[in-house]
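Novice: If you read the protein sequences in the order shown, they are chains A, B, C and D. Counting from 27, one number per residue, gives the positions in the first sequence under our numbering. Counting from 27, one number per residue, gives the positions in the second sequence under our numbering. Counting from 681, one number per residue, gives the positions in the third sequence under our numbering. Counting from 681, one number per residue, gives the positions in the fourth sequence under our numbering.
The hints are simulated quantities; they were obtained by calculation from the structure and are not laboratory data. Worth double-checking, as some hints may not be accurate.
[Stated by the list, open to error] List time: in silico DSS-like cross-link candidates among lysine-lysine, alpha-carbon distance up to 30 Å:
hint, chain 1, residue 1, chain 2, residue 2
1, D, 775, A, 273
2, A, 273, D, 889
3, D, 888, A, 273
4, D, 988, C, 889
5, B, 273, C, 888
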Amino acid sequence: MIRTDALVLSNTAVAGDIFLLRLRAPEIARDAAPGQFVEVRCGSTLAPLLRRPISIHRIGPRAAGYAPDEIALVIRVIGEGSRLLSRLREGDTLDLLGPLGRGFRLFPGTRRVLLVAGGLGLAPLVALADEAIAHEVNVVLLGGAETACRILPPQYLPPEVEYQVCTEDGSLGACGMVTNLCPPYLEWADQVFVCGPEAMLPPVVDQLRALAQGGRRLPVQVSLEARMACGMGVCLSCVVETRHGLKRVCRDGPVFDLTEVRVW
Amino acid sequence: MIRTDALVLSNTAVAGDIFLLRLRAPEIARDAAPGQFVEVRCGSTLAPLLRRPISIHRIGPRAAGYAPDEIALVIRVIGEGSRLLSRLREGDTLDLLGPLGRGFRLFPGTRRVLLVAGGLGLAPLVALADEAIAHEVNVVLLGGAETACRILPPQYLPPEVEYQVCTEDGSLGACGMVTNLCPPYLEWADQVFVCGPEAMLPPVVDQLRALAQGGRRLPVQVSLEARMACGMGVCLSCVVETRHGLKRVCRDGPVFDLTEVRVW
Amino acid sequence: MSLAVDLAPGREPGLRLRNPVMVASGTFGYGTEYAGLVDIQRLGAIVCKGTTLRPRRGNPTPRTAETPAGLLNSIGLQNIGVRALVREKAPIWAKWSVPVLVNIAGESTEEYAEIARILDEAPGVAGIEVNVSCPNVAAGGMTCGVDPVLAAEVTAAVREATTLPVMVKLTPNVTDIVSIAEAVVGAGADALSLVNTFVGMIIDINTKKPLLGAVTGGLSGPAIRPIALRMVYEVAQAVPVPVVGVGGITDTVSALQFLMAGAAAIQVGTATFVDPNTAADIIDGLGDWLEREGISDIREIVGAALPKDA
Amino acid sequence: MSLAVDLAPGREPGLRLRNPVMVASGTFGYGTEYAGLVDIQRLGAIVCKGTTLRPRRGNPTPRTAETPAGLLNSIGLQNIGVRALVREKAPIWAKWSVPVLVNIAGESTEEYAEIARILDEAPGVAGIEVNVSCPNVAAGGMTCGVDPVLAAEVTAAVREATTLPVMVKLTPNVTDIVSIAEAVVGAGADALSLVNTFVGMIIDINTKKPLLGAVTGGLSGPAIRPIALRMVYEVAQAVPVPVVGVGGITDTVSALQFLMAGAAAIQVGTATFVDPNTAADIIDGLGDWLEREGISDIREIVGAALPKDA
Ligand SMILES: Cc1cc2nc3c(=O)[nH]c(=O)nc-3n(C[C@H](O)[C@H](O)[C@H](O)COP(=O)(O)OP(=O)(O)OC[C@H]3O[C@@H](n4cnc5c(N)ncnc54)[C@H](O)[C@@H]3O)c2cc1C
Ligand SMILES: Cc1cc2nc3c(=O)[nH]c(=O)nc-3n(C[C@H](O)[C@H](O)[C@H](O)COP(=O)(O)OP(=O)(O)OC[C@H]3O[C@@H](n4cnc5c(N)ncnc54)[C@H](O)[C@@H]3O)c2cc1C
Ligand SMILES: Cc1cc2nc3c(=O)[nH]c(=O)nc-3n(C[C@H](O)[C@H](O)[C@H](O)COP(=O)(O)O)c2cc1C
Ligand SMILES: Cc1cc2nc3c(=O)[nH]c(=O)nc-3n(C[C@H](O)[C@H](O)[C@H](O)COP(=O)(O)O)c2cc1C
Ligand code: FES
Ligand code: FES
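This is chain A alone, in the form it adopts within the complex (with noise of 0.2 Å):
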């Protein structure tokens, strides 16, 4: 894990508030694992002060026409420190710390994962199936957000990812919670990520505990968000209650088992 200073290749608005910065990062592209972020320092000034939590998007993956030193982060404009970075142009350079925390873990016999996401969930789910596709493993994305506006559209993903979506305003895809879409897959996959809002979860572990039922227990890992502040494992901003004890979702995340962070 280094502090670098990564030159911004492109910045490119891929959907409503939505951007794709391209950068280029050797010693993270190196080191970062699918599931990581970097720490982004926003601006030069001390407000914002503190650095943003932006989860690695893309690691080089040669197929989508990345060199190996790059990596590609998407941002979605929420406040100051986003829109700041919405506004990085070609030249421009930015401060990263990372690559941090725990990222997400493909097990080795895995032939079929199931990827969830809700809103920029998706970010670090892309990152896995770039992997995921590397190691010949077939891949499902459900991607949902409130609007067809914060949706990713398809031809930011690899073209091996069968990529559903659905919209909380019916806008663009089926109409509902990304939730609602799982249940077919889960009984397909051997492996499941989901990354997005917590309110995700409950109707996730209802879907899990009805399969348990059924004799079937899938490994699902998920990726929190929280308050970070030093996004080093140093404050304890970002601890999140588990099975043993007090975690720090930037240092022993952000991704868990779900088993970790949720019974059924």
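Dock chains B, C and D with the ligands against chain A, hints included.
Specialist: Frame of chain A, contents of chains B, C and D with the ligands only:
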């Protein structure tokens, strides 16, 4: 006086850490007079917080290839605010409040003006030179700075101006303080305008005193600097002692008759 | 939809504002300076510059310095004195529809009372804001705002000297702002405003000296917002009179935070220097927000974030 | 050129730092977390996380929120307890060349003394920083740091219980920090550090509730710098022991301001989160600055901005 979002037309590094910003700001170009300033918002975040007072350097001088709705500013990088301004790019907008303050008063009968600039005190004097030239007044501009890279190159001045420079380290022009260059021109000029650090005033006052003993009382106007918060005459941050009590540099100035602020 | 509030409901005829957005003392002059740029008649109220019995020259320069997201000032109450104010400024205000409060500072309890008496007869003055908290004046100012007994004494004397609505402005430079608030309300304040500035300083490392001519100054601006908000939250739970929130308010979101913390109204100070239209923008923003939320009266959200049992 | 300072000159063997740049409690964990990123052995000293007698779970989440140029935290002293610290952390520190101070917080005077006694026997502990000022713990914490008598009592008890250098960390949430400082020094503190965080809050206007799980939190970061600097300036003039300046230090310029205000050393807190190398950069920056100024010993500039007659 208005608040407006000016369009950055160009930003040129003209010397060392000095930048020339050309802006489209129609209302300000229409209303401004030489010696007035604008209050500039240096970024969109809460740090740096306050606007920075910046002199209006050019007011759409046609002869210099400006459109009538353009103004120019020159910025020297000192701290955070000026650093942000120096990074503006074509197409950016800049939040301005102005024109503010009372500018230079060129008397109708004046035929020969002497402009004495210390450092970036040169900025507003060039707007005055433009006006003087438009009125067929002869202009001598004496410019001094610590060192060569802080001197505005002559191509950024109207060609009609007789431009003499000096540096404290002798790296360009004569070696020494700009006020050393004054004496011959004090004999020649009808009106004198001074802008620069406080330290310039005592030698100027001494020279004027000598002249006055010879019976010659030259009208001298001086533009003062002061720490400002509001720039609008409200906060009473920028007061200066004058013959008529405390005056606000931002509203009652920045240009004062030298007799108002100094005795000789 | 109603944005109106009354800051002196216990006193006839009250201190009715058409909206809860005021501009803070020392940051809006006498109201006339910004008139060309801002539609001042739209404001909830204007609080004029701190005013003393006799004219004051104020402190040596430099008087201001910027800090991270903050402003230090040590103006030191330069002002024309209350008699010139009554003569030259109040007649202008008398023609305005926006209420103007006069912020007053004395060097003794008697001085506070005398200023209040002089203002009592002035048309154009809608109320008095008693600055018991100015950190810049050695005599009076600081000492009285940090002591519940002295603060109450000054409040009682002003209360006695005038029939105008009396709002007392508290200093945040204290261990327990609630005890001061309670004392001042006990002594007859119709409303409280808080906070004034925090005593701070900055050193110029080149000269190796304090940068401000007066050594220390008062810190204002967004930097102090979280502390000011906490104090409003505490005081609003403790006193039965309207509380006016001041400190680092820059936009509708921060204004709403103070209202939800229990402020009946807010004041915009330093932010006006950054954008003269801040107060007007907040008035618009509050209206829009109420509409989006389907709330018909701004008073419904005052104190919304306070503990429910309070 | 010498950057060395001694924070306990009155006590053998002192508390010698090779440079005056420390990292603040709660912002550098147990020193091990940043080891991969920062050359921690270069630091003047490390102050570890606030430590209590028994392990603590801390406060509910959310525990932090950003404010303009500031950070609110309400971690609530989550920590492993002093016994685990002595068992698991101190042995690591014993191998380090950088001194480590343990920041302690008790719920009663006896608890403070007991923690100090336990630390007294631990190799690897260079000194104790007594947190009489944590605003997050209802019992102990706040109440004792704002009262000179209680603060002195705690100091005396800790002083009694250990032979280690004792530094007392003051809260800024008081009317008169000098009186607390004097009381604590009178009770035997070898040094003072100031300031801890300012009590503040933030309200989430969407939920209409305080954003932090604990309602209020402590404000740190550049926002508080001018207030912290003023307090250091006041205290350094009043007490004969070394003062350590803390609060919003982000770079060499701000570090120099605290040294010139009379701080013998400084601590970097929140800025480490923004740039983990801040403290190391300041060490380099101070060296460069001394060289440029032709000053051979950092102690020459300590207090340079204080009034000359003080
Ligand atoms: C592990 C992790 C990965 C993330 N990955 C991405 C990503 O790939 N793309 C992306 O756009 N965003 C991502 N986020 C969220 C991102 O950090 C915040 O949305 C972003 O910081 C918003 O900041 P802002 O300054 O625009 O908003 P503001 O509301 O101004 O932020 C104010 C403060 O709140 C914090 N904050 C705001 N929203 C969140 C949130 N949802 N979770 C945690 N803290 C928050 C900010 O970090 C900041 O400290 C991630 C968050 C975490 C914890
Ligand atoms: C009437 C007037 C006209 C000016 N014209 C120009 C100009 O044309 N070009 C230009 O580059 N600069 C000009 N300045 C100075 C300019 O405002 C400051 O140099 C600039 O604000 C430095 O800001 P900073 O953020 O880079 O530095 P910082 O040191 O970070 O500034 C911190 C604070 O100090 C104030 N400050 C710093 N230096 C000065 C100064 N010399 N005078 C007053 N306040 C200061 C800033 O305004 C700010 O509030 C002018 C100043 C005044 C008063
Ligand atoms: C330049 C300046 C002058 C001030 N003068 C006064 C004053 O005369 N009387 C007073 O009570 N408060 C005065 N204040 C304090 C403000 O009214 C307000 O309480 C404080 O600035 C906090 O609000 P803010 O953060 O919105 O600026 C002054 C503040 C500034 C910045
Ligand atoms: C996340 C966090 C945790 C802290 N924990 C402690 C603590 O346990 N004990 C303590 O005395 N101070 C604690 N502090 C206060 C800091 O040590 C320091 O006094 C304060 O943050 C001001 O310095 P800064 O502005 O450089 O951060 C903590 C600060 C932060 C931001
Ligand atoms: S963000 Fe600091 S410990 Fe996780
Ligand atoms: S800067 Fe406010 S009165 Fe001049």
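Novice: If a hint holds in the structure, say so; if it does not, say that too.
Specialist: Okay, the hints, checked on the actual structure:
1. D:775 with A:273: holds (28 Å)
2. A:273 with D:889: holds (26 Å)
3. D:888 with A:273: holds (28 Å)
4. D:988 with C:889: Status holds; Cα separation ~11 Å.
5. B:273 with C:888: holds (28 Å)
Checked against the numbered hints above, the structure breaks none of them.
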